[in-house]
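Listed below, chain by chain, are the residues.
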Amino acid sequence: MAKVKGAIVVDVQKCKGCGVCIPACPTSVINLANEVNGKGYHYAFMEKPDECIGCSNCAIVCPDGVITVYKLKL
Amino acid sequence: MAEITLEDIIKPENLVYKKTDLLTDKELSYCPGCGHGTAHRITMEVLEELGLEERTIGVAPVGCSVLAYEFMNIDMTQAAHGRAPAVATGIKRCWPDRIVFTYQGDGDLAAIGTAETIHACNRGEKIVIIFINNGIYGMTGGQMAPTTLPGMKSSTSPFGRDVETMGNPLKMTELVAQLPGTYFVSRQAVHSPAAVRRAKKAIKKAFENQRDNKPGLSFVEIVSNCNSGWKMTPIDANKWMEENMFPFFPLGDIKVDGQLVK
Ligand SMILES: Cc1ncc(C[n+]2csc(CCOP(=O)(O)OP(=O)(O)O)c2C)c(N)n1
Ligand code: SF4
Ligand code: SF4
Ligand code: SF4
Ligand SMILES: [Mg+2]
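Residue numbers (numbering that gives the first Met the number 0), protein chains in the order written: chain A, 0 to 73; chain B, 0 to 261.
Honestly, the hints are just simulated from the structure, not real lab data. Heads up, a few of these hints could be off.
Mimicking DMTMM-like on lysine to aspartate or glutamate, the simulated pairs with C-alpha atoms at most 20 angstroms apart in a straight line are [unchecked claim]:
no., chain 1, residue 1, chain 2, residue 2
1, A, K38, B, E2
2, A, K70, B, D7
3, A, K2, B, E26
4, A, K72, B, E26
5, A, K70, B, E163
6, A, K72, B, E6
7, A, K47, B, E26
Non-contacting residues of chain A with respect to chain B, defined by C-beta distances greater than 10 angstroms in every case (computed) [claimed, not checked]:
no., residue
8, V8
9, T26
10, N33
11, K47
12, S55
13, N56
Just so it is clear, CB atoms sit at the ideal spot from N, CA and C, and this is done for glycine as well.
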């Protein structure tokens with residue numbers, strides 16, 4: 000069993016759907032939603048939340064700084 | 000053991016990363032995926048980590064980042080096109096105890112502001128210059144810049160830059176590294192997690208040099224994307240940048256502690 004559990008929170012209304020966070024994630028957690036936000040962007044979300052290890056890679060490459068990262072050590 | 004839910008993880012005590020408060024909550028005016036946002040953020044993270052935010056003054060340029068003062072939550076001013084190093088020189092000489100930096104695009108720094116850049120570097124002004132090189136005039140609609148690559152298409156070189164008639168691209172960073180007034184010169188990128196970490200280290204070194212009153216100017220280039228100007232998706236633009244920009248503008252330190260290392 001994994002020793003850490005991570006999670007991200009995306010500020011949906013501020014996400015621009017650029018997708019830069021997707022290849023940055025080592026465990027392929029993120030995808031763009033089919034739905035759009037108020038600006039019409041397909042926002043990022045955790046498609047596979049169980050895989051998140053809380054490494055912050057996605058957050059440090061997000062140009063708009065809209066990702067917050069949490070990590071729980073088990 | 001009970002199943003761990005998202006509510007168990009998303010708690011203040013488990014927070015590992017959030018946007019620094021040295022960026023305002025205003026929505027960035029940049030296109031989706033534009034490297035300007037990341038460059039802003041790591042600059043502000045460095046100032047926060049070094050505890051310099053209260054005595055730092057930034058100079059915004061003309062270009063897409065003309066509004067940097069709206070996003071960087073520190074004292075800022077904004078200079079006429081290309082003149083940021085001259086304005087920063089004035090501020091630093093009047094207030095030597097302040098930390099002063101410019102943030103400039105390639106059209107601003109390497110075209111209209113070439114003279115200001117070179118002379119501020121050559122005089123060894125004790126300032127930091129952060130240079131965002133996306134190979135194009137982003138703000139005005141993707142015109143050719145001095146940094147546009149040979150063969151690269153832009154709105155004013157629609158068939159690609161022909162060096163015979165349009166001249167060769169200018170490597171400002173290598174050029175200023177040759178000047179005795181520069182103390183630290185580095186070229187970085189912000190398209191991947193590893194690149195962002197290295198770029199942040201270089202920006203930190205630059206501000207530490209100024210904090211420690213080192214003799215000379217610290218210059219950090221960030222090779223960045225302009226997906227709108229290049230007419231690519233953000234992901235394709237980053238890939239194109241790796242394949243085309245990095246061979247011409249190689250990443251890494253060029254001058255450290257006043258000594259050329261490359
Ligand atoms: C004196 C003057 N000349 C020309 C312009 C038009 N102009 C505005 S931004 C710009 C180029 C900006 O390109 P760059 O510095 O590369 O910034 P980017 O938008 O690519 O980040 C130009 C030529 C101006 N505002 N002022
Ligand atoms: S990098 Fe940021 S703005 Fe871009 S899709 Fe991911 S969360 Fe949204
Ligand atoms: S924190 Fe790491 S593992 Fe979690 S979504 Fe972001 S990049 Fe992926
Ligand atoms: S035009 Fe280019 S440099 Fe300007 S915000 Fe858009 S992507 Fe960034
Ligand atoms: Mg530019």
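Given hint E2 (chain B) paired with K38 (chain A) - CA-CA distance at most 20 angstroms: 36 angstroms, violated
Any Cβ of chain B at or closer than 10 angstroms to V8 (chain A), or is the non-interface label fine? Check fails; 6 angstroms does not lie beyond 10 angstroms.
Is the hinted pair K47 (chain A) and E26 (chain B) satisfied, with a Cα-Cα distance of at most 20 angstroms? 27 angstroms, violated
CA of K70 (chain A) to CA of D7 (chain B), is that 20 angstroms or under? OK: K70 (chain A) and D7 (chain B) at ~10 angstroms, within 20 angstroms.
K72 (chain A) and E6 (chain B): Cα distance at most 20 angstroms? Distance of about 14 angstroms is within 20 angstroms: holds.
Check the non-interface label on N56 (chain A): least C-beta distance to chain B beyond 10 angstroms or not. Violated, since 4 angstroms does not exceed 10 angstroms.
Whether S55 (chain A) stays farther than 10 angstroms from all C-beta atoms of chain B, as the label says: Given a closest Cβ separation of 4 angstroms, the condition is violated.
For a C-alpha distance cap of 20 angstroms, please report whether K70 (chain A) and E163 (chain B) respect it. Distance ~55 angstroms between K70 (chain A) and E163 (chain B) Cα, so the pair is violated.
So is K47 (chain A) really clear of chain B, every C-beta pair being over 10 angstroms apart? 13 angstroms, holds
Mind verifying the non-interface call on T26 (chain A)? Its CB should be farther than 10 angstroms from each CB in chain B. 13 angstroms, holds
Take the C-alpha atoms of K72 (chain A) and E26 (chain B), compute the straight-line distance between them, and say whether it is at most 20 angstroms. Violated, at roughly 33 angstroms.
Is the claim that N33 (chain A) lies outside the interface with chain B correct, judged by CB distances over 10 angstroms? 17 angstroms, holds
Comparing the model with each earlier hint shows violations of hints 1, 3, 4, 5, 7, 8, 12, 13; every other hint is respected.
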